[in-house]
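These are the residues of each chain, in order.
Protein chains: 4
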Amino acid sequence: MMTLMSSQFQPVLERIAAEIERTPDRGRPADYIPALAACDPRTFGMAVAELDGTVYGVGDWREPFSTQSITKVFTLALDLAREGDELWEHVGREPSGNPFNSLVQLEYENGIPRNPFINAGALVVTDRLHSRTGDAAGELLSFLREESGNPALAFDEEVAASEAAHGDRNAALAHFMAAYGNIDNDIPVLLDQYFRQCSLRASCADLALATTFLARHGIRADGNRLLTLSQAKQINAIMLTCGTYDAAGDFAYRVGLPGKSGVGGGIIAVVPGRCTLCVWSPGLDERGNSVAGVAALDRFTTLTGVSVF
Amino acid sequence: MMTLMSSQFQPVLERIAAEIERTPDRGRPADYIPALAACDPRTFGMAVAELDGTVYGVGDWREPFSTQSITKVFTLALDLAREGDELWEHVGREPSGNPFNSLVQLEYENGIPRNPFINAGALVVTDRLHSRTGDAAGELLSFLREESGNPALAFDEEVAASEAAHGDRNAALAHFMAAYGNIDNDIPVLLDQYFRQCSLRASCADLALATTFLARHGIRADGNRLLTLSQAKQINAIMLTCGTYDAAGDFAYRVGLPGKSGVGGGIIAVVPGRCTLCVWSPGLDERGNSVAGVAALDRFTTLTGVSVF
Amino acid sequence: MMTLMSSQFQPVLERIAAEIERTPDRGRPADYIPALAACDPRTFGMAVAELDGTVYGVGDWREPFSTQSITKVFTLALDLAREGDELWEHVGREPSGNPFNSLVQLEYENGIPRNPFINAGALVVTDRLHSRTGDAAGELLSFLREESGNPALAFDEEVAASEAAHGDRNAALAHFMAAYGNIDNDIPVLLDQYFRQCSLRASCADLALATTFLARHGIRADGNRLLTLSQAKQINAIMLTCGTYDAAGDFAYRVGLPGKSGVGGGIIAVVPGRCTLCVWSPGLDERGNSVAGVAALDRFTTLTGVSVF
Amino acid sequence: MMTLMSSQFQPVLERIAAEIERTPDRGRPADYIPALAACDPRTFGMAVAELDGTVYGVGDWREPFSTQSITKVFTLALDLAREGDELWEHVGREPSGNPFNSLVQLEYENGIPRNPFINAGALVVTDRLHSRTGDAAGELLSFLREESGNPALAFDEEVAASEAAHGDRNAALAHFMAAYGNIDNDIPVLLDQYFRQCSLRASCADLALATTFLARHGIRADGNRLLTLSQAKQINAIMLTCGTYDAAGDFAYRVGLPGKSGVGGGIIAVVPGRCTLCVWSPGLDERGNSVAGVAALDRFTTLTGVSVF
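Protein chains in written order, with this note's numbering: chain A, 1 to 309; chain B, 310 to 618; chain C, 619 to 927; chain D, 928 to 1236.
Next up, chain A with everything else stripped away, as it sits in the complex (with noise of 0.2 Å):
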């Protein structure tokens, strides 16, 4: 379905970015913690990065900025490359249809989050995972450093502080799936791991590198297979269903890609078998997604016919 030659890349996010630039509203930055709010929600950079690691970018899409959610995807294929198909008896693959930090459905489904990507769902993969590592923010950390190559990626110790000390709800999130008996660490070692992978700083450059093991169906830079072909598969499959929080359907239905976001405003998105993409701007829509973001990755797939459907 896809006939884009490489080349026409750097013209179109050119493009893009230039369509961007006129568009007066950006959404809010994130406010709930200084590091956040402080972001200046006029800034927008995008790269793609090509299967073999050629990347191509546009405006600050070498600066890092607060990854946030995005690397809910990262410790997802972590943990499910070591633990298989055990996982799914933890959490669930279906859309949670509901603000992404609510606990009704928690309640109603007996401590099992619906899916990976809600908060409650990413704290169970991140306990799982530190059970199995000893270390599961390290085991990010060395992940992203060496599939985007970048050696100086490094969380922010004073952002992971400041989600700590907002961190009331994730708390009463993880407290209550281990009255559920679904948490395994103690809760505050679990929030400390959890927080520090969030506080990861990474460039539009590193995140769209770090992303294509999922559009190699599962293999790394360096050619080692982290998954199986059906594992990439289906975290590409619950991206699209579960990615952008209570705005999945929408983004489908607008950009039509596997995706997932962040409230840093990042977000990164996944042609299957071709390329990855990733794109940054702070402002924030009433459902948390980067307002920029979307468009850009909207007016990309449009441009370029790339889309799954």
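A couple of the hints might just be wrong.
So the derived label-pair ranges between C-beta atoms look like this [claimed, not checked]:
| id | chain 1 | residue 1 | chain 2 | residue 2 | range |
| --- | --- | --- | --- | --- | --- |
| 1 | D | 1016 | C | 700 | 40 to 48 Å |
| 2 | A | 180 | D | 965 | 22 to 30 Å |
| 3 | B | 498 | C | 772 | 31 to 39 Å |
| 4 | C | 637 | D | 1016 | 21 to 29 Å |
| 5 | B | 392 | A | 157 | 32 to 40 Å |
| 6 | A | 63 | C | 728 | 54 to 62 Å |
| 7 | D | 1065 | C | 655 | 53 to 61 Å |
By construction, these hints were calculated from the structure, which means they are not laboratory data.
Every residue gets a Cβ at the ideal spot worked out from N, C-alpha and C, and that includes glycine.
Based on these hints, arrange chains B, C and D on the given structure of chain A.
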């Protein structure tokens, strides 16, 4: 991503049918109306239709069955073609995250159903198509006859009457949305239209053919355009995220194609730009999807490598 | 606990009326039907009836108003007298903890409404009384005429028609419960009976008198027993815990008497073994109870020391 | 309404004990912590305390048991006495209409618990009393020792430790409310205070005596006033509408007195202006109330004619 030759479809279908034949557990037919309850759960049929109208099939693929919710796809397409994006002010595009008849989210969201494929959403779409055409069910029937090339397609008035006799939940949904001003027609008229649509009988061959306009990005069998390229992709996106009740995530994970199921045991699926599928087996799982149907589609995508991911 | 002399009732009522007169905020009349919206929120009437039928009153205490949900108490008593405890298999006795029309708990609890005073519960009670008498509304009217000694009491057909025209929520409730097998009559018949009951017009004097059987532990005005001692106490208990929508706790806290309000602005209250009260002022608070009515009952219990606590 | 002589209490209690003795079904003790699970469900004790401190009793009425949620009444009284109506900005007074630990309504109502007797509400009250006294549990213990005249009353540190070890749901509730700014103290400190209160051991005699301030309209055993007349009535009102989990309506219907139960199998009840009761039997019904306890109170009000209705 897909290199399958058409000539391979028939052997793949036969292999799948043989595998399904050996599967003991087929689930249980829907039992809320006699006509469905009487179906033999071991019945199995499957068809593939290519873009040019060539159809391959196996088992009971020419046997008519009760399409039920599968018709929601066609009603949506017919209304969207007429009124365009205005429809989305009256029905959402997000997965429901709740059993398919739930009133909870409807109340929370002021009478706007989450998507066009839950019963509440299909009632709204039917209501709007009826207001625009004066005969929603008739419009649907004409369309399906023309696309399938089968002028014998018809509603099953006995099934429609059975549905009406057990129609209190749908009546409740309709009145509830009417209380929010989201229904235009009289409720008895609307329910009659709705239940007649659900009662339509068609075979796997008929439905696979009738669905090809979605694989052809909006072009009907006669070469005329029903939907824009963008609208066709959008319906595929909604099928992927919302097409199989509260198992849409699981369906995307296992099958990886836009699909829509009905409690009659049928499922249609779309491989955009390539072909469509329809499978039928009346035994359902606890979420209302055909057990053998999902298994057969799962095998098809595994054996052929077809997947949007 | 109560030593109030009957001769003190009249001065207490006059003092309360004077205080209410000086109160600027009276809330807003219900506006969903014209007949209620047209009421002057500054209207105020209050009556006390003693066990022997002596009535004291102040303000518009002889002016008929739309009783609305107040009639739910009498319909409950009439059905309970006939079928006894079997009724409680079809409707609960617990506070609803949710806005009065909510469908959520009804779904959670399989079509059994929480109590007889939410709309869903009153529909069930009406349905059952209708099955037993063939004319639930007529039964109610006869009873109220006899207890009040006022043969002029009548339904307001115009109000009943207005209610029916805005009756989609109640129709949804009725169909929803019918889907669970908890409604016996045809829905249009049931709704007609229900809306007619709600439309009954009566004055504070009429309603205070008609309620005295609950203060007399089940004995009607003519000396015959309608309810057992135990049943009369039970209805008082349900009025206290469920009689004022989602403000029952607050009403118990402030007034401390069994009571039942209606969106017409009326409230009845019972001092077991001593007297009954009825107050009317059409302006409502955000939970649907008369602002001046609750304030007047609060003052009455404070000034007289009457309270079940 | 009540003409019972004190001299009649003892024979009534003995008659009730004999009847209970013949009742085969006693329910099952709470089993989530060992100390409660080990209780013999056939244990039964009951006490009545008059306003002057005279106590009558039967069975194991002098045997200490785990008071659990019964202490919520005293903590509420101690905090309300200190801060007055400001408390009601942080906790509601409405029945919860949901199982006692539900998080749903808490989320719907922005972290303000429905009433002081669900766990969430008791955590808020404990938090506020602790902020005002520096030792909420110590304050409670002193009060109960003084009112009961039993200086041996003590917390059961083993039970408190068991509760803490199974305390994830309460921790979730506390963190959840903290996310809404409705908790002032550190969560571990608050939980320690809360679980210690629940662990208090006291007998029927102790608790009946300690409750008499509510029957005396706010006056303590030493003649000093803890609560205003109005506050005492208000706590009785909250006990009646919210004191027995999701069975408050049923308790009002059957017993007709303000009461508060605990999962240790105890229940206290108030006859305003007359006496108090405490009953204990560890076997619970499915809603968490003592089976024999409710039955005994039901018999007491039937035999004596005592009831607020």
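Structure-based check of each hint:
For residue 1016 of chain D and residue 700 of chain C, the hinted distance range of 40 to 48 Å is satisfied, since their beta carbons lie about 46 Å from each other. Between residue 180 of chain A and residue 965 of chain D the CB atoms are about 25 Å apart, so this pair conforms to the stated range of 22 to 30 Å. A hinted range of 31 to 39 Å for the beta carbons of residue 498 of chain B and residue 772 of chain C is consistent with their spacing of about 34 Å. Separated by about 26 Å at the C-beta atoms, residue 637 of chain C and residue 1016 of chain D satisfy the suggested range of 21 to 29 Å.
Checked against the given bound of 32 to 40 Å, the beta carbons of residue 392 of chain B and residue 157 of chain A, roughly 53 Å apart, lie outside it. As the Cβ distance of residue 63 of chain A to residue 728 of chain C is approximately 56 Å, the hint placing it in 54 to 62 Å holds. Checked against the hint of 53 to 61 Å, the C-beta distance between residue 1065 of chain D and residue 655 of chain C comes to roughly 57 Å, which is consistent with it.
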